[in-house]
Every structure is written in structure tokens, then in C-alpha cells.
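Whenever a hint applies, use it, and build me the whole structure from the sequences.
If you read the sequences in order, they're chains X and R. Each number in the numbering used here comes from the position in the first sequence (counting from 1) with 27 added on. Each number in the numbering used here comes from the position in the second sequence (counting from 1) with 27 added on.
Hints were generated in silico from the structure; no laboratory data involved. None of these values were measured; they are calculated from a predicted model. All clues given are correct.
Just so you know, same-sequence chains aren't split out, so a pair can sit in one copy or run between any two.
DSS-like cross-link-like pairs, simulated, lysine-lysine; straight-line CA separation at most 27 Å:
#1 LYS202 - LYS74
#2 LYS181 - LYS167
#3 LYS179 - LYS167
#4 LYS74 - LYS416
#5 LYS55 - LYS317
#6 LYS413 - LYS181
#7 LYS463 - LYS431
There are 2 protein chains.
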Amino acid sequence: MRININRNDKVALYIQIKNQIRDMIYSKRLPLDYVLPSERELAKMLKVNRSTVNKAYEELKAEGLINSDVGRGTYVAFCNEDELIDKSNNCKKHLYWDEIYNESSKNNYDDVMSKIMKTKDNGKMISFAGGIPSPSSFPKDEFERVQINLSKSKLEDMFLHSPVDGNIELKKEIKKLMLNREVRVATSNIMITSGSQQGLDLVARTFVNSNDVILVEEPTFFGAIQLFQTLGAKVVGVPIDEAGIRVDVLEYLINKLKPKFIYSIPNFQNPTGITMSLERRYELMKIVEKHGIPIIEDDPYGEIRYEGDELPSLKALDKNGYVVYLSTFSKVISLGLRVGWIVAPERVINKLSLFKQLTDLHVNTLSQHMICEFLRQGYYESHIKKIRKEYLLKRDLMIKELEKNFKEIEFYKPQGGFYLWCKFPDSIDLNLLLEKSIKNGVNYIPSNFFFTKNDMKSKFIRLNFTYPGNEEIIIGMNRLRKSLDEIYRL
Amino acid sequence: MRININRNDKVALYIQIKNQIRDMIYSKRLPLDYVLPSERELAKMLKVNRSTVNKAYEELKAEGLINSDVGRGTYVAFCNEDELIDKSNNCKKHLYWDEIYNESSKNNYDDVMSKIMKTKDNGKMISFAGGIPSPSSFPKDEFERVQINLSKSKLEDMFLHSPVDGNIELKKEIKKLMLNREVRVATSNIMITSGSQQGLDLVARTFVNSNDVILVEEPTFFGAIQLFQTLGAKVVGVPIDEAGIRVDVLEYLINKLKPKFIYSIPNFQNPTGITMSLERRYELMKIVEKHGIPIIEDDPYGEIRYEGDELPSLKALDKNGYVVYLSTFSKVISLGLRVGWIVAPERVINKLSLFKQLTDLHVNTLSQHMICEFLRQGYYESHIKKIRKEYLLKRDLMIKELEKNFKEIEFYKPQGGFYLWCKFPDSIDLNLLLEKSIKNGVNYIPSNFFFTKNDMKSKFIRLNFTYPGNEEIIIGMNRLRKSLDEIYRL
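See below:
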């Protein structure tokens, strides 16, 4: 509702207001029962005294056009007779949205996850749940310099539209970055996405038909399982050992199920932290080439290695175009900027772009410029070194606390990445533990989300060590200990 | 590939480089045929002389580990005997991605559209094709002040993750904005999206099942038609007249086809520019309530009115929760920031959030802060006034040029929005006209994209008047005239 008042007009302000609202009511531009702004709100909007609005409203009430109720506020009370007849004849019905959701949203997500994720925003909760970089590791000084540099170029350019497949200058920087990962590509093999989750979404939407089988490492990233399932795919798990995906089982399942593709996280796998061995990588590539099955390689954590040799990505071993590679700046620079990328054969990039256009046109222009400038200034390498050091200390602190406080827990020590994957004794009820933990002010993700079948029998939890501060790690582990003790005492 | 060199080491730099590459080749971390960085690139990466790298490469070549080809560069030439046998036995095959796209991407998009959109980036082309605001209207001074204000708060906060459904402060500002559109809602009824295209995508993915019928105004926004079709929906057009959607036909089609929902653009409809009359809005709401069919109301242009009375949105007339309302800052502030929003019943917002999380987690944090600060400082209203003035002049200029140059074209004069919808005589071959126009340096979107059936028989084109400058409008119209004349001369 917009009211135009003219202070030069001889007509008093309150009458101007009254007349315009009256006109809008008579012409039905304001419908019956429409709630008007409060006197205070309207006075503020129009920059007039509240008493002016009060006078206008009082006159409209006297004319029977509006009415006031405690709770409901001031609302339009006038309607013509046709409508009154209409109203008495037709019992208006509310729409029941729940009945019209489609198949995929009917089985979308578990309430527990929303509950876990929402508790993060509570300041008192210590969160080991997210896959989030440390806020204190944010490269503040570097970004201040990035902003200064960008402010020298045309501000308008930062707010204009971008190409669907991404800013070409940023692609050139990513091309250089990929050389560090043993992958030599052209910019036409690269597409910029709103984080690696969007990369996965675009790939899934482009390839997955309802009832397609997708093979994943089991356990694996819950966001991938849920996404594939909402698209109607049958997600089938392949077990992993300490060298990564079990290629013997994989080959058996390929023969049996003819999957559409394989989804793999070779580096510091989420949630287990396991790194696929070099030998296993070669074996995996050999199998997919033999059977003609593509791989979606998800590599958000590859740069965050604390120890051991760097290994080539699957994409680096991929001579015949079987691998679509996903990565992101979310885990190393900023989650909030939402910038990731896809590396794939050019014709696949072109196809993905068509979906990108329908999904959200393009990635935020300003973010792309900021990340591009960050890379161009050479801040990336030194920043990676810094966070490796910081996260290594956090990993070791959390391991120390685990070993000190929990004789009953087994865990895998990852060479990199964000997570500790912890196994509890069979006797522990993990549902109950989560409940107690949240009550005691610590959260994490229980293992059932990481399995293709929502099966609470597996007794693991995933702990993130990068987001919490050192002190929070210690306090959080004590809270977890306390929660476990409460269960023993039952 | 990362090589660590130690300048304090007694071992010569070139030997350090050689040894590390050799180790990587022997251990198969660098696979057979892997292309190494060029000497120049590696020298730059390691900050050493090119001659140092040259020496290392020469020795590796002498050992038979690498090789150089003109064109191909320097590549790994070593592999063990097992592999050689493997290679001769197995004829490696490339993956044919085209064969594995899913049903929806098989019929995704038309090549012509990509061609039209891509020509925009060519500096010499005058574009009447996009739905893009004028770059000169960008509120530069305001955003400089926004940046100064934001720089006073914690920089880290701008780069952290945001809630899936959006920043609460921005939601509060949008809540106020909605009051101007006669809609009173709680922040829990609002969700922030990456532009209104993403709003549409989330809604479609939450509700549409394969083979659902969706009714749309015909013609309508091509991005909606294509999106619904890729989800497997049957998109059926309802004709519009100068008062908007034909409610008589609508009711007939509802009875006949039982649609999942109706997609409507009531204000300055894309592409026709038609505004749905107040009476028609009431009739439409009555019909959907009678039949229990929800409406997706798309309102990207509503604020950009040049003349005539403001009308309430369908959402404002929606007392029983039948309308999901979509809007965006893309057409009024910045397309590049990618910020739009959805207004819907709270339980629908919650459901949409689950998809948002799987799609791309959340909208860029920095963009949300910037738009929020822009609104909070009160820049929005004055900016809207400014662009209304600017675009009104452009609309009238394009109309003047149309009337002067094209006696054979009929068009609709819109009260607001971005487009002129122009009808050509039946004798004109519009495919040929587009070809000539692009050759002559002007582009636009031909009508077939806006119809549910890709039917070149309809003789319209959509011209955008907000993006080009005044001079470009004049030159572009001359180029269009020239293209038409070339057709007459055939």
C-alpha cells in the first residue's frame, strides 16, 4: 500500500490519507479483511505525526470502512453486497499444501538432521556437527586487500550479470590450481558453481533418471545420498576399507546392477576420513574404463592434508574422460561466498550449463571477482599452509581428548580433512546419546545419515574438529563424556 | 603436482626437482602420458630459473622417464611392463556422455536461445534480448556507502555460512517491503533465494511430479516453461487478453485437466507487458479457491510501474493461503548479486528449505548483508523512483523509433516492466529475420520460446528496452529495420 502525500496541497494531510485509503477500499484495491499498517507504522512510512494517521483512521472507522480489533489490528471492513452473498454461500476452504507435495519431497530429509543443524545457531551449543572451516582461520587481512584492489576497478562490474558457466578470469585461476592436482584442462572444461553441493545437484539432475542405480562408498556424505534419492535413484553402498572403496565388491555390483555412475570422495572421505590408496585409485579407474561407468569425484578436502604423500586425483588418472570432478572454496576460504567448480569434458560442461541457467542463472558476480582476486594475488598457497597447521593442531587435540576420556571409543586417524569417525560399543543407544548430548550442549552427526539405508544399528558418530575453537573442543568432549555417563547410569 | 624445493639444501635445485619428479613417476603418482607443466610454467611455480627446470627435464629424458612432443608438451613416458601388456590387450574406450543423459536433459533447451544469449557478450552486438536492468542505473554511490557501513562490522561475518532459509535481518527488511505490496507476513513466511529463478526451481522441484499438468499464461516466461518441462510436467497455455489471463478458459482447463498449479505473472507480464486488471485478479482468486488449485505468482517487475494505478498482488488478495509469491532484487538493484525471495505459508517454506539445502546450502552471505544494508539505509524507494523515470524515457524512445521505422509492426504499450511485445505481418519469416538481425548486430528473443509448443507460426518478437542505452536503442532499431528490408528484397 503506497500513499502519496503532498505537503504543498491545501488539503490537510489526514484528509489526503483518508481519501486515498477510502478510494482504495471502494475500488477494491484493498480487499475485505485486509490488515492496514498500524498507526505507528504508517506514520513512520509517511513521515507524519502519529496523530495525523490516527485522525484519518478514526474518520474511516466512522464511515464504516475500517475497523479495529485487539490482536488483529486495523482492517478493511467494507465490502459490497454481492460479496456478502458470495461469502455466505461459499464456505471458503484453506489449501492443504501437504497433500500436493511431489514424490521426492514426501521422503525428503529427516527431522533429526534439521534439529541438529538448527542447534548450531544457539550460542551455548558446541558444534561438532557441521563441515565448516574455523571462523578464526578466515583470511581477513587478505580479503581486506582484495576489497581494496577490487574497489579500484569499476564497481558496476561487480554487480552485473555473469556468464552462466562462470567468470573467465576465475576459470583461468582455477585452471592453474588444477595443475597442482595433476590435472591439465582448458577453461572450457571448467564451470563455476554455487559451492560443490550445487555441482553435485547439477550433475545429478543432468544424468539421473528415476530408478537409476548409483553406487556410493558406504558410509558417505549424507547430502549426496539424499540428493540422489530425491531424484528417484536407488543409492547402493559399496563398503570401504582403509585403502578406500572395495574394488572387488564394486565390480560385483557393477555387473549385477549396471549403475549410472559411481560417486566417490577419494581424499579424506566424509565421514570416515579414509584416503584412497594410489594402488586403489589405479584399480578403480581400470574397472570403470572396463565397464564404461563414469565417476563423480568429490574433492572438497583434498588440499587439507596434514601428513602423508599427496596423491593424484582420479581426474588426473583419467585419460579417457570418465571422471567429472567437483571441488570448492567452501572448506578452505569461505563457505559463505558459495563458490565451487566442476571439471568435466566440454560437452558435459555445456549440458550442465543449460541446467545451471534454469536453476539460478549464474553464480554471484561479486563472489567470483573476490575469489579470483584472492587467487591472483597468490594468497591461496600461504593460506592453505596456515589452515593445515591450525587444523592439524585441532585434530591432535581432539584425538588427545578422545583418548583421555573415552576408553570405549575406537576411531580412525585421518591424514587430512575435517572429521573423526568414532565407533561406540554395541551396547550404547545412539539415539539416546544424541538426545542427552544436545541437552548437555554438544552436537554431532550420528552415523545413520551416512548410510544408504537409514539404519541406527551402526554405532558411529562423526565429529568435526575444524569449526570449534580449542577450548570448545575440550569442553565439548567433556559434555559428550557426561552424556555417555548418564546413559551408563540408566 | 607439488614440488618442494629447499634452498638451504646442499643438493642442487635441478637435482631436487629431478628426484622428486622421478619418485612420483616410479611410484605411479604421475601416470603414464601425464603432461608435465612446461619449463616456463614450472619455473614460475617454483620461483627458479628456467634453465634449472630445463636441466631437470633433460636428465629425466635421458633416463627415459619423460619425453617431449611439439604440440603435446612434456609427458610421462615410463610405465612398467605389466601396464604395457595391459595396454596392448585392452583397447581403451572413451566414454560417450551423450548416451547417458537423463530424459529431462535430452529435451533441455534449444540451441537458438544459447546462440542469442551468447551474442550479448560481443561488444558490437546491440542486445534487446535480455531481461537485464540498465548498467547505468546501478546505484553506485549507495553501494559505496553500503560497503563503508559493512566494513565497520566484523568482516568475518560477511563470509560465514548463513541459515538455509536466509538471513533474519534481511527477512525483516523484506517483510517491510511486502507491506508496500499489501502483503502482511511474518519472517517465517519468507525464504531468501538466489534470485527468483531459484525460487521457481525450488517450488517446481517440491511440487511437480512427472506428468503433472501446469497451467501458464500463454505466452509466458520461457525459463518457467523449460523448467517445468525438464521436470516432466505437461505445460498447458491459457490465453491472455488485455486484462490478463482468460478466466473462462482457465476454468474450463481446470475442470478438464486438474492441474497441479497455475503459474502467473500479473504485473507487466513477460513477454507481453500486459497487467492483469483488478477485476480479473479477484475472479482468478475466486476460481482457484473454488477448485483448490494453488497459484505461483511471479512478480519480478511489479515495482517498475510507469503509469496507471498500483494494484494489489494476488498474494494480497489471498486469504486462504493459495498463493506462493516470488520476487527478486535482480530487476531493480543488481542481477549479479543473485538475491530474490519467496513468500508462502510457513509449512511450505519449511519444505522448500529442505530442497534449498540439497541444492546449494544457502544464498551468498555477503550479498544478503549488502542488500539488507541497502534496504535498511532507505535507499530502495528513491532508487525505484530513479529507475522508473529512466526506464519510462527508454520505453517511450523505443516506441517512438518503432512507430517511426515500422509501419508494419503492431505492439502493446505496457504500463511498466521491461519489454515491448511486437507483432509482425504473417508474411515475414521470423527465423530468417533473426538470422539477418544477428548478422546486422542486433538481437532479441523470437516468440516461439514463449509458447508452450515450440511453434514458429506466431509472429512476435520481444524487445527489451531497459538494458540498451538511448543511442543503442536508436541504432538497434535501425539495424532491425535494415534486416527487415533485406528480407523484403529477397
